[in-house]
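Student: As you go down the protein sequences, you meet chains G and U in turn.
For any residue, its number in my numbering is found by taking its place in the first sequence, counting from 1, and adding 319.
For any residue, its number in my numbering is found by taking its place in the second sequence, counting from 1, and adding 1412.
FYI, nobody ran anything at the bench for these hints, they're computed from the structure.
Glycine included, every Cβ here is placed at the ideal spot set by N, Cα and C.
Among these hints, one or two may not hold up.
[Claimed, not checked] Not everything, but these chain U residues come out facing chain G in the computed CB check (under 7 Å):
hint : residue
1    : 1426
2    : 1456
3    : 1457
4    : 1542
5    : 1632
6    : 1635
7    : 1664
8    : 1666
9    : 1868
[Stated by the list, open to error] From chain G, some residues computed to sit far from chain U (all C-beta separations above 12 Å):
hint : residue
10   : 390
11   : 553
12   : 768
13   : 793
14   : 841
15   : 892
16   : 911
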Amino acid sequence: MRDARIATACFSGCPYHGAMVRSDQNLPGTEGGAIGFSDRLLAEAVRAIERDGAAAINEPSADARAVEVDGDFEHRVIVRARSLSIAAPLGEALRQVHHATAVIVVLVVLLAAGAGAATARALLTVDRQEPVNFFWVLGGVVGFQSVVLLVWVMLMLARPQILSTGSLGAVALGLGRRVTRILHKSSNHAAAVEATGAIMGRSSIGRWTLGAISHGGWLAFNVGCLVLLIIMLSTRHYTFTWETTILSSRTYMQLTRAVAFLPHSIGFPTPSAQQIDAAQWPIDSQVAQESRGAWSGLLLGSVVVYGLAPRLLLLGLCLDRSRRGRVRWRLDTTRPGYLRLQSRLMPQSARLGVVDDRPDEPGAEAVDAAERSPLRTGRPVGSPAVLALEMEPPASAWPPPIKGTSWCDLGFVDDGNDRRRVLEHLTAASTEPSVLVVVCSLTTTPDRGHRGFLDAVQREIGSPLGLVLSGGESLRRRGDAESVRRRVNDWRILAAAVGLPSQRVIELDLDHCTDVSLTKLAALLGADAAGPPAVRRIESAFDLIVEHVGRWPPIAEVKHQADLHRAIGALYRQDHSSWRTFLRAPVELNGDLMVPLRAGADRVVGLLPDQLRSSPRWLASGALAGALGCITAATLVSPAAIAALPMWSALGAAVAAVMKAFRPSGAAKSDDDSPPTEHRGDAIRAATLFALLLELQGKDEAAITRILEQAVDADDVIDAGSADSTRAWLDGIRHRLDVALAEEARR
Amino acid sequence: MRLPLLTAAVVGHTNTGKTSLLRTLTRDVGFGQVSDRPATTHHVEGTSVLLDGRTVMELFDTPGLEDSIGLLDHLDALAGDRRVEGIDVLNQFLQSADAWGRFAQEAKAIRQVIRSDIALYVIDARDRVLGKHRDELEILSRCATPVVPVLNFTADPDAKVPTWREHLARVNMHAVAEFDTVVLDEASEQRLYEKMRTMLDSHEQTLRALIQERRRQREALIQASADVIGDLLIDVAAHTVCVRVSNSQEAAGALQALRERVRVREQRCVDQLLELFRFRPDDCPLEAGALINGRWGLDLFSPEALKQFGLHAGGGAAAGAFVGVVLDVMAGGATLGAATAAGATIGGLIGAGRAHGRRLISRARGSTELRCEDATLRLLALRQIMLTRALLHRGHADMNPLPVPTSRRFSLPKRASPHLPLSLQQAKLRSHWSRLGSGADSTLRDSDPARQTAQGALARMIAAIVQRPSDADIEFP
Ligand SMILES: Nc1nc2c(ncn2[C@@H]2O[C@H](COP(=O)(O)OP(=O)(O)OP(=O)(O)O)[C@@H](O)[C@H]2O)c(=O)[nH]1
Ligand SMILES: [Mg+2]
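Kindly produce the complete structure, drawing on both the sequences and the hints.
Tutor: Laid out in structure tokens, this is it:
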């Protein structure tokens, strides 16, 4: 039967038809047989299963088989999919999905044929006495489906992607998928359904397959219609007519001629001009009675030509296109599910491991170290000498100006010649330098070359070496505080290797010389210079911070923080009255706490540079520093004042209220859910700000703001959890503070 | 055709980024050890570059040439007053005991250079040209192997590229490559291979194939990332939760759950992207407090929804009309207009899935639905696009944690553009497209081909945005 044939045709248009497609394409010389559409479909199904990363399949044996294959990435993906243990059940699932879809398609086709028959019957069921309006019947059978066909063609040309998803075919396939999902609940079936969906949605195969189903349906409709028409026309007596109220009969004449042209040319009987004319009033026309055969011929011919034939052609076209599409279709290996496999199946690189010829001989280095002892001693001691090793001339004067010291300048040592020059000079000189200061840049990585040179120098002289590490600021600009610390450490290791005790290695930025740093250098030159460098109050203050923070419980209460602030304040006791005025702190704290605390907070926050003020954490820390500073100022002189303070809890509440006032309204985060390290961070920042403010007393406010801006980097976050990193963070600030002070002095 | 194998040795002073260069060139974050301390690498270590599964290039990392000044002195002493070729002196040195003792590291590097087809001499471009560099270049020039100097750290403000080029030209090295192993720029990688090509006629094809392969890889990565992002956006856009307005507690809970699901989903997208780019997940901590605005709102009767129900011609409705006509004629009789409307409704219902019906019913019961706001979708899209762009430019030697793009770095459309891309508008009407929160009945997940089509269209759009030049404004859509 014809319906069955159409159904089969549609059937092969469905996605999974392994046997047929397998023969379409053969890749020569591939392992495991040819690759066809069904293999790719299987790979898609595997991808669907693996899509949720959790279900990723890891079968090394399958990977290994894929890697053995001498083919492109797609090929390997497919071989892997075929070698997976899941391949067999998945293939079965794909087949079942396919069968379910095929059944639905057959049902749709049968339904369409039935509908065609029903339509024909409805159109010809009229009052037996009345003649049948020919154009109504023709319109009902052919006209309407032609409009639909036109829409399809237009969409295919203009927006083909719509046809992948919405059409009779799409409904049929959607039903097929749904039926499968209802019948089979396994994840394999889900993946199979998804894989077919992916192909339908992402390639042209989808729209051609769907087109084939749609046209197949319409073909069945036409066949049903035709069969019923033939039956009705064979067994009943119909007279055909045409009617009009406003159109002229000439129009109808031409229309009929036009419609009849094609059926006539392929041999269907069609009415002649006279017969057409007569059909307008068929009841009493002899001609009309005799032309029934011709009109029936025209009707059947029109159904064949305008309904059946185009559908048949389009069905052929769609089947052909979808078949070709399937042959040409390749996996889209740029989809994440495949690309993910690339490092396993087609790696871009493979490590070869260590390929040294021979292992290192131990002890090679030790030889150097053993022979370290000065060659010559006994010369008179002269002035200190200085040289710069692989350094650019620093921004400040060279050699570094130290009061009362006249340097023996050995200059800048870059290459082998310079090195030889220095060594020769040291050998030949009549005096021995009291100290030889070697200046290096921290931006230079210490290496064995440097070490060899220092060793050689050391051998030439009997006097001690001093190592100055300059350029810290440049290095800090390149990386974080941690990397600076590592670099300093590496230089210290190198110094230790050439026998320098650690106190003879100092960190000193010659690009930003300050009095303090020059004092350090003078100290390196020996006791006769300025004496041990005064420990600065700010350094002691920072030491205090590290020490206190180390003792604090996880959540520092106001009492702890106030203790720290008081300890810092004590360092600056000399200037107490000046900073008390500065913070506008009252002489005694009593009455409403909020007012003075708030005033102190306003003062500190007002001094913050913009960049800090825009950071919520720094803003809070500034407020905290002001509030605690106020308490410190008011209680520093007479310890008895502490006893007079309200309960710590009340004080804590007041401080918290002040801080809250400075929180930006957007960040409505309550204090309770910020982690303890943030509290500590706030506390450390506040204490640091407080110390800085005390250190900077005596400068005008604009200068203080400028210096703070340079010294404190809002983006440099503290890891408040560890003392080491707090220390590193403070070191960074102190260093930048020196630079800022030096610059401020230059202004 | 089998391409000839190319071997290249990567040499240079210590800590100039030799190991980093290898990591970046091979996209292998785990190769060797990288640190900013001296003498990190003390063996020759190789890695091969594969093309279609075949080794086409072998790269060798070597220990740094730390004491080139000392070594050159030593070589000159070995040569004495004889007039001999540099390579002969080197070979003599490699046989000697010093090559296993004092100069063991240098000897390993030199041995590898002599063995290789080409040497990449890595320079920290932030350094001045120093005696040690000159001596290193001198030693390399005696190895009888072509040398391509590679200026590393070129993205650093301290880099002294012109000075270096000038000096290298003076010692007859004109093919100089600029690179930065941390800020990866595909063009500079390509130029590096091209520089090698000018030195190695015999390996012309290998290098050309490599250049092409790199370009393909990059495109594939962009495609795949865009696909991942498209998947995320559709999942989120389609995700709706029904809640009863009257029960505010339930609503708040649902809102919370929705947010959490979207957050988790975003993190999964980030993980997928990192995996694609072959970075380890801890390279990219996701910022806490991702901005998600759950919004009260029922989109069901928006024009888009109406359209879906056949009241407007267009996308789904046109397809529906097609279905409708078929059904109408089969049923026999109804008028064209009514048939189109009915067909569109049926088409719409099928297209939009069962969910629509459920949504209508639940609305009638006083429920409303919760979904992510458009702004959230845009934000998600932009964040992931920025992440992809950052990953594209991240060398595999970068040790810093990946910064999460902040709101300053991309712009929302200037005029409040009311429309999301069509694919997302469709997704918003089809809650069954979303895989969020369907964990329990994941077997029911519908694989609507229309979702695939929409995701494909969205991915194409995203890929185009990802590829915009780096100074262009990033907008979505
Ligand atoms: N910013 C930046 N950092 C880089 C670049 N290349 C390398 N680095 C960093 O420089 C440091 C040294 O890198 P390595 O790759 O270990 O250097 P190497 O030459 O192999 O060092 P050795 O093995 O010790 O001789 C590491 O901290 C890298 O992260 C670059 O182009 N830009
Ligand atoms: Mg290394």
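Student: Holds or violated: is the Cβ of residue 390 of chain G farther than 12 Å from all Cβ atoms of chain U?
Tutor: Nearest chain U Cβ is 8 Å from residue 390 of chain G, so the label is violated.
Student: Verify this label for me: residue 911 of chain G is non-interface relative to chain U, using a Cβ-Cβ cutoff of 12 Å.
Tutor: holds (36 Å)
Student: Would you settle whether the hint for residue 1456 of chain U is holds or violated, based on the nearest Cβ-Cβ distance to chain G being less than 7 Å?
Tutor: It holds, given that the least Cβ distance between residue 1456 of chain U and chain G is near 5 Å, below 7 Å.
Student: So, as I understand it, the hint says residue 1632 of chain U touches chain G; can you test that by seeing if any CB pair is closer than 7 Å?
Tutor: holds (4 Å)
Student: Is the Cβ of residue 841 of chain G more than 12 Å away from each Cβ in chain U?
Tutor: Non-interface label stands for residue 841 of chain G: nearest chain U Cβ at 29 Å, farther than 12 Å.
Student: Regarding the hint that residue 1664 of chain U lies at the interface with chain G, is the smallest CB-CB distance below 7 Å?
Tutor: violated (17 Å)
Student: Say whether it holds or is violated: residue 768 of chain G keeps its Cβ farther than 12 Å from all Cβ of chain U.
Tutor: Contrary to the label, residue 768 of chain G does not stay out of reach of chain U, its closest Cβ about 4 Å off (not over 12 Å).
Student: Residue 1457 of chain U was flagged as interface toward chain G. Is the shortest Cβ-Cβ separation under 7 Å?
Tutor: holds (5 Å)
Student: Using Cβ atoms only, decide whether residue 1666 of chain U comes closer than 7 Å to chain G, and label the hint accordingly.
Tutor: violated (22 Å)
Student: Using Cβ atoms only, decide whether residue 1426 of chain U comes closer than 7 Å to chain G, and label the hint accordingly.
Tutor: This interface hint holds because 5 Å falls under the 7 Å limit.
Student: Once the closest CB in chain U is found, is it more than 12 Å from residue 553 of chain G?
Tutor: Answer for residue 553 of chain G: holds, closest chain U Cβ roughly 22 Å.
Student: Determine whether the non-interface label on residue 793 of chain G survives the test: each CB of chain U must be over 12 Å from its CB.
Tutor: Its Cβ does come within 12 Å of chain U, the nearest being 7 Å, so this is violated.
Of the numbered hints stated above, those contradicted by the structure are hints 7, 8, 10, 12 and 13, listed in ascending order.
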